[in-house]
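Chains as they are written, first to last, in the working numbering: chain A, 1 to 118; chain B, 1 to 112.
Note that these hints are calculated values from the structure, not bench results. The beta-carbon is built from N, C-alpha and C at its ideal position, and this holds for glycine as well. There's no promise every hint is true.
List of simulated lysine-lysine pairs, DSBU-like, C-alpha gap at most 35 Å [stated by the list, open to error]:
#1 B/Lys56 / A/Lys41
#2 A/Lys14 / B/Lys2
#3 A/Lys41 / B/Lys2
Over the 12 Å line for every Cβ pair with chain A, so calculated as not near, a few chain B residues [as the list claims (entries may be wrong)]:
#4 Ile18
#5 Ser26
#6 Ser49
#7 Glu57
#8 Phe61
#9 Ala68
#10 Asp83
#11 Ser84
Given next are the chains, with one letter for each unit.
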Amino acid sequence: GAVVSQHPSRVICKSGTSVKIECRSLDFQATTMFWYRQFPKKSLMLMATSNEGSKATYEQGVEKDKFLINHASLTLSTLTVTSAHPEDSSFYICSAREGLAGVGDEQFFGPGTRLTVL
Amino acid sequence: QKEVEQNSGPLSVPEGAIASLNCTYSDRGSQSFFWYRQYSGKSPELIMSIYSNGDKEDGRFTAQLNKASQYVSLLIRDSQPSDSATYLCAVYPSGGSYIPTFGRGTSLIVHP
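Make the full structure from the sequences, and use the hints.
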């Protein structure tokens with residue numbers, strides 16, 4: 001299957017700082033990338049969907065000014081958590097898909113980034 | 001609201017048995033279905049996709065799709081303790097949306 005990387009895998013930061021998470025598709029061009037958040041023992045929660053070269057589409061309840069998403073190229077998307085607070089501590093996972101939609105367009109997940117805000 | 005339902009479990013099976021995981025969905029027009037496995041503290045990994053009614057086999061895994069009854073299942077033969085994980089069902093809805101809906105996942109425990 002296709003490979004998606006995320007960096008960093010783990011980050012600890014102080015409250016009020018900003019954290020940037022990178023998501024890269026290593027062996028395919030990702031037309032669409034997704035960002036998820038997952039709290040312990042809870043299900044995946046989609047935060048936003050981004051297509052290369054256009055603005056991200058955020059899910060209801062997700063603050064776009066707090067979670068900045070940039071999908072500047074077909075292999076890279078970034079999520080910046082601005083002014084992070086302890087309640088933002090979570091497991092952030094990106095996924096990537098080669099096509100826009102349709103049969104055969106599986107999503108491949110990155111390994112995730114565990115964010116802890118002190 | 002297009003929903004994907006899974007029993008959260010845990011489903012406990014003995015080693016060597018067949019584990020059967022089920023998923024139902026509300027959108028009758030859905031065309032693409034995926035099963036992911038997620039180990040604790042890790043991200044999901046794709047196991048199988050299925051698009052047509054019937055069975056699709058890949059090694060010890062068999063996905064079954066019944067669009068008339070709106071369910072998709074995953075069978076794991078000869079279950080191993082290493083199969084213990086949460087299994088997520090994902091469904092692409094109809095209507096042109098390209099955002100899949102994930103179920104909450106079923107926790108599977110395979111005990112020796």
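Legend entry - 12 Å Cβ clearance of B/Ser26 from chain A: Holds, since 16 Å exceeds 12 Å.
Legend entry - Distance restraint between B/Lys56 and A/Lys41, which requires alpha-carbon spacing of 35 Å or less: holds (30 Å)
Legend entry - Outside-interface status for B/Phe61 - nearest CB in chain A farther than 12 Å: holds (14 Å)
Legend entry - Beyond 12 Å from each Cβ of chain A, as asserted for B/Glu57: Consistent with the label, B/Glu57 stays out of reach of chain A, its closest Cβ about 18 Å off (over 12 Å).
Legend entry - Outside-interface status for B/Ser84 - nearest CB in chain A farther than 12 Å: holds (15 Å)
Inset, instruction - Decide if the proposed pair is consistent with the structure: A/Lys41 and B/Lys2, CA atoms, cutoff 35 Å inclusive. - result: holds (23 Å)
Legend entry - Interface-negative label, B/Asp83 against chain A, beta-carbon threshold 12 Å: Label holds. Min Cβ-Cβ 18 Å, cutoff 12 Å.
Inset, instruction - Mind checking the alpha carbons of A/Lys14 and B/Lys2 for me, to see if they're no more than 35 Å apart? - result: violated (38 Å)
Inset, instruction - Please confirm whether B/Ser49 is truly not at the interface, meaning its C-beta sits more than 12 Å away from all C-beta atoms of chain A. - result: The assertion about B/Ser49 is violated, with a minimum of 6 Å to chain A.
Legend entry - Reported absence of B/Ile18 from the contact zone with chain A (all CB gaps over 12 Å): For B/Ile18, whose nearest Cβ neighbour in chain A is about 25 Å away, the distance exceeds 12 Å, so it holds.
Legend entry - Status of B/Ala68, Cβ more than 12 Å from any chain A Cβ: holds (19 Å)
The structure is inconsistent with the numbered hints 2 and 6, although it conforms to all the rest.
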